[in-house]
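Visitor: Single-letter residue listing:
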Amino acid sequence: MEVQINKQDNVTTVELIGRLDTPASAEVSKALEPVAADAAGTIILDCKDLEYISSSGLRIFLVLRKAAAAQGGKVIVKSINKDIRNVFMMTGFLNLFQIED
Amino acid sequence: MLVVVAAATLEITGLIQYYFSQRGIREEATHRAESQLELTKLKIIDIVDQTEVAVHNSLWLAQWALTLPDSLWAVSRRMVEENPVIVGSTIALVPGYDKKHPLFSPYCFQAPGETAIRVSSLATEEYDYPSQEWFTKPLELGEGYWSEPYVDEGGGDILMTTYSVPVQDYSGKTAAVLTADISLEWLTDLVSSTRVYPNSSNSVVSRSGKPMVEPDSLMTDEKVHVFTGTVDKTGWTMTITIPDSEIFGSIRQVGFVVIILQLLGLAMIILILRSAARGQKRYKELNDRKERMENELQIARKIQMSMIPKIFPPFPERKDLDMSATIVPAKEVGGDLYDFYIRDEKLIFCIGDVSGKGIPASLVMAVTRSLFRTVSAHEDSPAKIIKTMNDSMAEVNELNMFVTFFIGILDLSSGHLRYCNAGHNAPLILTDAKHYLPVESNLPLGIMGGFNYVEQETDMAFDDAIFLYTDGLTEAENINHELFGEDRMNAVLSARRGSDAHMEAVKAAVAEFVGEAPQSDDLTMLFIHYLKGSENQQKERRLEMCNDISEIARLSDFMQEIADEKGLDTSLAASLNLALEEAVTNVIMYAYPEGKKGKVELEAILRDGSIVFVLKDSGTPFDPTAAPEADITLSAEERKIGGLGIFLVRKIMDSVHYVRLDGKNILSMTKNI
Numbered sequence: 001m002e003v004q005i006n007k008q009d010n011v012t013t014v015e016l017i018g019r020l021d022t023p024a025s026a027e028v029s030k031a032l033e034p035v036a037a038d039a040a041g042t043i044i045l046d047c048k049d050l051e052y053i054s055s056s057g058l059r060i061f062l063v064l065r066k067a068a069a070a071q072g073g074k075v076i077v078k079s080i081n082k083d084i085r086n087v088f089m090m091t092g093f094l095n096l097f098q099i100e101d
Numbered sequence: 001m002l003v004v005v006a007a008a009t010l011e012i013t014g015l016i017q018y019y020f021s022q023r024g025i026r027e028e029a030t031h032r033a034e035s036q037l038e039l040t041k042l043k044i045i046d047i048v049d050q051t052e053v054a055v056h057n058s059l060w061l062a063q064w065a066l067t068l069p070d071s072l073w074a075v076s077r078r079m080v081e082e083n084p085v086i087v088g089s090t091i092a093l094v095p096g097y098d099k100k101h102p103l104f105s106p107y108c109f110q111a112p113g114e115t116a117i118r119v120s121s122l123a124t125e126e127y128d129y130p131s132q133e134w135f136t137k138p139l140e141l142g143e144g145y146w147s148e149p150y151v152d153e154g155g156g157d158i159l160m161t162t163y164s165v166p167v168q169d170y171s172g173k174t175a176a177v178l179t180a181d182i183s184l185e186w187l188t189d190l191v192s193s194t195r196v197y198p199n200s201s202n203s204v205v206s207r208s209g210k211p212m213v214e215p216d217s218l219m220t221d222e223k224v225h226v227f228t229g230t231v232d233k234t235g236w237t238m239t240i241t242i243p244d245s246e247i248f249g250s251i252r253q254v255g256f257v258v259i260i261l262q263l264l265g266l267a268m269i270i271l272i273l274r275s276a277a278r279g280q281k282r283y284k285e286l287n288d289r290k291e292r293m294e295n296e297l298q299i300a301r302k303i304q305m306s307m308i309p310k311i312f313p314p315f316p317e318r319k320d321l322d323m324s325a326t327i328v329p330a331k332e333v334g335g336d337l338y339d340f341y342i343r344d345e346k347l348i349f350c351i352g353d354v355s356g357k358g359i360p361a362s363l364v365m366a367v368t369r370s371l372f373r374t375v376s377a378h379e380d381s382p383a384k385i386i387k388t389m390n391d392s393m394a395e396v397n398e399l400n401m402f403v404t405f406f407i408g409i410l411d412l413s414s415g416h417l418r419y420c421n422a423g424h425n426a427p428l429i430l431t432d433a434k435h436y437l438p439v440e441s442n443l444p445l446g447i448m449g450g451f452n453y454v455e456q457e458t459d460m461a462f463d464d465a466i467f468l469y470t471d472g473l474t475e476a477e478n479i480n481h482e483l484f485g486e487d488r489m490n491a492v493l494s495a496r497r498g499s500d501a502h503m504e505a506v507k508a509a510v511a512e513f514v515g516e517a518p519q520s521d522d523l524t525m526l527f528i529h530y531l532k533g534s535e536n537q538q539k540e541r542r543l544e545m546c547n548d549i550s551e552i553a554r555l556s557d558f559m560q561e562i563a564d565e566k567g568l569d570t571s572l573a574a575s576l577n578l579a580l581e582e583a584v585t586n587v588i589m590y591a592y593p594e595g596k597k598g599k600v601e602l603e604a605i606l607r608d609g610s611i612v613f614v615l616k617d618s619g620t621p622f623d624p625t626a627a628p629e630a631d632i633t634l635s636a637e638e639r640k641i642g643g644l645g646i647f648l649v650r651k652i653m654d655s656v657h658y659v660r661l662d663g664k665n666i667l668s669m670t671k672n673i
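One line per chain: the protein sequences are A and B, in this order. Residue 1 is where the first sequence starts when you use the numbering used here, and the numbers rise one by one after that. Residue 1 is where the second sequence starts when you use the numbering used here, and the numbers rise one by one after that.
Don't read these hints as lab results, they were simulated from the structure. Ideal Cβ placement from N, Cα and C applies to all residues, glycine included. There's no promise every hint is true.
Straight-line distance between alpha carbons at most 27 Å, and here's what the computed DSSO-like set of lysine-lysine pairs gives [stated by the list, open to error]:
no.	chain 1	residue 1	chain 2	residue 2
1	B	Lys640	A	Lys66
2	B	Lys346	B	Lys290
3	B	Lys566	A	Lys82
4	A	Lys48	B	Lys651
5	B	Lys43	B	Lys210
6	B	Lys599	B	Lys664
7	B	Lys539	B	Lys346
8	A	Lys66	B	Lys99
9	B	Lys651	A	Lys82
10	A	Lys78	B	Lys651
11	B	Lys319	B	Lys599
12	B	Lys43	A	Lys30
13	A	Lys7	A	Lys30
14	A	Lys82	B	Lys640
15	B	Lys223	B	Lys41
16	B	Lys41	B	Lys233
17	B	Lys664	B	Lys302
18	A	Lys78	B	Lys223
19	B	Lys597	B	Lys664
20	B	Lys640	A	Lys74
Listing some non-contacts, in silico: residues in chain B with all C-beta distances to chain A over 10 Å [what the hints assert, rightly or not]:
no.	residue
21	Pro69
22	Ala277
23	Gly423
Beta-carbon label-pair distances, calculated as ranges [what the hints assert, rightly or not]:
no.	chain 1	residue 1	chain 2	residue 2	range
24	B	Cys546	A	Lys74	34 to 44 Å
25	B	Ala511	A	Lys48	35 to 45 Å
26	A	Glu2	B	Arg343	20 to 30 Å
27	A	Asp49	B	Ala433	49 to 59 Å
Next up, chain B with everything else stripped away, as it sits in the complex (with noise of 0.2 Å):
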């Protein structure tokens, strides 16, 4: 269908344009011969009025020439010799003006290829000028006149035509014919050398039809295009005949050629429309397999997320430390990683950034995480740590990627920490007063086996905390390239508070500043709060309740006791209460079977900024924060029954936080106060 309306399309365009050219080239040609025919004329009566002046310059001459009419030679005479165009002149005495010469006809010429000046006499009986037309005509019609075209035998047989005019004595008594021949061969050459187009022709007839200018090629009975104009004073009429195939021939040319092109053009279209098709297809498959990768892509980030801690927070029972991380690729999968454990009462952690981005970036980054999984676990001392992985990296690093990377390891029970940098941003500690660790830069991993790396270490009080990152933190750019900077960092980074409160802070900081720019670097962030000595510093509360409703009112009871310790004002209190109901009722409603009876137990952990409450049940397996949120904006008649409990825990609290550990429950409840 397509192909026949591009095709009808095509034709009818190109109908179109062969009338207009037809039309246009039409007009081309009138206009071509009608200047020709116009410039030939001008050239003819250029000519025609020379000789006219001269005729006419020459009348007072002839005239006073009457009363000696021998001198009548010298008019002729000097005639030709002072008009280059005119060969041939006499004066013609009217029979019987002269007494003495009843007819004289002195007549100058000039032979054809001769400079000299002949004389005859026209006055014979044989040729009998007065009955000639040049001699009759100018009396008859009593002023000048051209004659009709004429071969002069004597002259060469060329063609000729004469001017002449009645001369009048001084008594106004016409006495004689003043005469002027001129050659045609001049009209000859002129019209056939102007021809409009190669085989068009040009001719020129006499008032009386008699061909002065032959056409030079006769027309077959082809059509042809006739063009006319006349000389009025002479009553000369020239013709250019054009064959119509002259004008038209390279339109229908042109015409053909275009046909052809346009078959062809449609041939190609056709050809297009069905690689279009075939395209299609290919493109279809293309799209199929970049979903299947992007599905990969995205088992590809699964995988490589599960291999980061990323529950937080991640110890719930242990009051002597608070952390917080964040990973934020900015490909599917990403170079960057941080990961830590406990073991031994030692907090082993580390932070790194491979170079590049993406697929190749992630797999060094898998490797590094297990090389540092498994050299960790029974060494304790990061130098050594980070000198196994690089040897290890080093051993079998044929595309040169590397790894900046940073390990640490806290002796939780006191505060000390060994650490070791491979070519990685220092961290801060954020102490009252916030400064970078000391490293010394060493190598980031890969690059040499056999390097030495130097360890150093440090101590951490209570309440010290420690933040690492990658570059992709102060070199977040926005639409303006500008980066993020230390500066930035740092100021967002000097207020106190929980570790989630502050990974939330810099997180908002970085988005806001980011904006709409894409994200050029994977992003990743670890805040070490350590909270050892707390003991003195922290308060910690404790409510074990049953699975029974009615212990919402010892929850009350229990909030209320914490709102009084930390001087919480009772809208807040209300709200805290309000959101422990919920997610206690939860747990007494759902989470142990019909008629069992089982243990619900709250801890809150009182610190300086804020309060963590850890609900804790054996019951089943029950993540809260995987449910949807409520949506609020529904109409009465369209909103849900239930489902505000656990959206009403999220929106009072600053951070929920799931985990199932050693057959429990675990929601951890932050808010900053």
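Looking at chain A on its own, in the form it has when it is part of the complex (with noise of 0.2 Å):
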């Protein structure tokens, strides 16, 4: 799992790449951090290469969105593939999100 963030004047970029699944939503979860504690811009989540995502994943992104909630910023969730997509329409998280493609 690898994660890079690019942050761009108001605009962070969080590109996931691989399996988020719990193993792997530790480490994760510690990268975002400073993401978070910054979400007052959009914060773009790149998922088009994340291949999975297990419910330790969608915390984080639940936590993210929170965060930017709570600072006026927004979370773009972009290029989920349609697994992905599938446990997003399970689990409400469409709702929660503005998705692009």
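Bring the two chains, given one by one in their own frames, into a single complex with the hints.
Guide: Structure, rendered in structure tokens:
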């Protein structure tokens, strides 16, 4: 699991690469702590290379979403594959996030 | 307060009602009096007219007779003779008109009660007819005149009146007065016989106020209502006097009765309110009692449900058997039952339906179930078990309740099935060709002691299934009172499925069919899928992990192998991987105390239409299926961070069951494919 964070002006792009399963979620969560702390702008979670997500991964998404909402920022989830979209649908996450292709 | 308002409303209503009634009655009295006046007037006018017409019709004769004054006798005689109302008549010559008779007035009359007509002359000195009113007035007026009533001394003291008209001779000179006397007795009769109220009084006075018909009772100083009407021609005025009490007496009486009734009504309202208050108390007591009974029923339901095995798969270790069952009582408690257990490698199972429903049936059900367990514990012959149960139940069956019952004993190693039926409907055998198991009907339990039941047998092969049910299934009614029936049941059971999926499919079909209709009977189904020999047909895979989160990677590989073996598409594989990860993570994180090493076993049983995953651990007892479902409709702010894991497991798998067995948590997850 690899995480690449790229901040330009007000937009933070987070590239998630690989499988965001339970073991991976601990390090991803840690890596995203600074992003959550500075969430007043726009956070783009780029998922084009995210293969899989478990509930612990969904938790990270939700934590970011809450942090952004608290600081006046927003979270955009980009390019999720159809399996992840299915998980988002089952869990109601489709309604919680701005989803972009 | 309520009472005061009720009383006020009642009284005001009463007053309004009284007011309108009074007005109505006053109108009614006026109407009656005026009608009576009008009617009486008409009758008077009728007689008056008759008289006038008779007189006027005789004028020509009188005129003619003037030339021969002696013939005037005939004229007056004819008047009396031909007109029944006229009792006397004269033609009185104007004094000096005839030289021969300075005064001439031949008078013919009929005395009361006589038919003969008498004659006399009114031209006497003492009578002096030219000074009489009946003579002077018509001459003075030049027209007919009705005299003031008078009492005729000569004619039996009868009140009379006279109509008189002037008579001109052919030259136009007024020559005489022609008269007709009428008795006013008819008037007295007419007026006094037509009273508008029993105590009302009628009277008639003449033009000058002389009483013609006396009022018959002297009025006290009581308030009276007076109505009058005048006959123009004669100047008679009729008066109807009605005492106030006569008109309004009844309504006052009614009003009084109404007030009394209203007071009574008020008293009743108070009584009703008081008894309602008491009723409410009683209602509350009843309600409390009802609640208590409902609570007790709920407890009874729990006890009853605890008597039957409800955990499926019931034998997760056994690869040769897959079972599912359901029982849905129509009321809190019911009379259906099923039961099963394994003894000596034999599956001993039964299904039954107690006659009736509710509590009585549930008690019999409990007895039946206990007997089944006790008797079958040491007996391998279904017929002997049933016979013993029947004898025992028939002996003490005072209420004549009975139980249709079916017992099967399946030798799990050989597939040999011995069974005995006691009046229950035949189970279905689901093989490649579906058919009913041939059964002797015998007799239901409890009807006749000493009955010898016939035992039957058959053999089951791998993948054969037996479906047992009570008539609550086939006789489930929809709102149009149509029955679910065997055709629908057979249609649903045609598909080959895992036992759980089968059960769910039948339940769904029944629910869809029944719709809003209330459940009429207990519904019970038992599905037994025999899978002995599955070693060749079904594959098992096993993964042993420790309670370390890094094991998730191995789980992922394990799932991949299964997906490859079963040829699952990647999406399904990803979903199953997710569900397994969530379930396993749950165990790794929470089953064992911090820092303690523990085992996590996962087994996958791969069948034709399903994969069953059985997850076991020896950690603290924990039932993940008991956790509340995550609410996915909440907004981001409201959403809880956790709780999604087991939610996803349930969402992805077709059935999830937990059982604590032999110190282990066992979570069975089935996915139909």
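Visitor: So, for every hint listed, does it hold in this structure?
Guide: Checked hints:
no.: 1; hint: B:Lys640 with A:Lys66; verdict: holds, 11 Å
no.: 2; hint: B:Lys346 with B:Lys290; verdict: violated, 45 Å
no.: 3; hint: B:Lys566 with A:Lys82; verdict: holds, 21 Å
no.: 4; hint: A:Lys48 with B:Lys651; verdict: holds, 25 Å
no.: 5; hint: B:Lys43 with B:Lys210; verdict: holds, 20 Å
no.: 6; hint: B:Lys599 with B:Lys664; verdict: holds, 11 Å
no.: 7; hint: B:Lys539 with B:Lys346; verdict: holds, 23 Å
no.: 8; hint: A:Lys66 with B:Lys99; verdict: violated, 147 Å
no.: 9; hint: B:Lys651 with A:Lys82; verdict: holds, 17 Å
no.: 10; hint: A:Lys78 with B:Lys651; verdict: holds, 24 Å
no.: 11; hint: B:Lys319 with B:Lys599; verdict: holds, 22 Å
no.: 12; hint: B:Lys43 with A:Lys30; verdict: violated, 123 Å
no.: 13; hint: A:Lys7 with A:Lys30; verdict: holds, 17 Å
no.: 14; hint: A:Lys82 with B:Lys640; verdict: holds, 25 Å
no.: 15; hint: B:Lys223 with B:Lys41; verdict: holds, 26 Å
no.: 16; hint: B:Lys41 with B:Lys233; verdict: holds, 11 Å
no.: 17; hint: B:Lys664 with B:Lys302; verdict: holds, 24 Å
no.: 18; hint: A:Lys78 with B:Lys223; verdict: violated, 104 Å
no.: 19; hint: B:Lys597 with B:Lys664; verdict: holds, 15 Å
no.: 20; hint: B:Lys640 with A:Lys74; verdict: holds, 19 Å
no.: 21; hint: Pro69; verdict: holds, 134 Å
no.: 22; hint: Ala277; verdict: holds, 52 Å
no.: 23; hint: Gly423; verdict: holds, 48 Å
no.: 24; hint: B:Cys546 with A:Lys74: 34 to 44 Å; verdict: holds, 42 Å
no.: 25; hint: B:Ala511 with A:Lys48: 35 to 45 Å; verdict: holds, 44 Å
no.: 26; hint: A:Glu2 with B:Arg343: 20 to 30 Å; verdict: violated, 58 Å
no.: 27; hint: A:Asp49 with B:Ala433: 49 to 59 Å; verdict: holds, 53 Å
Of the numbered hints given earlier, the model fails hints 2, 8, 12, 18 and 26; all others are met.
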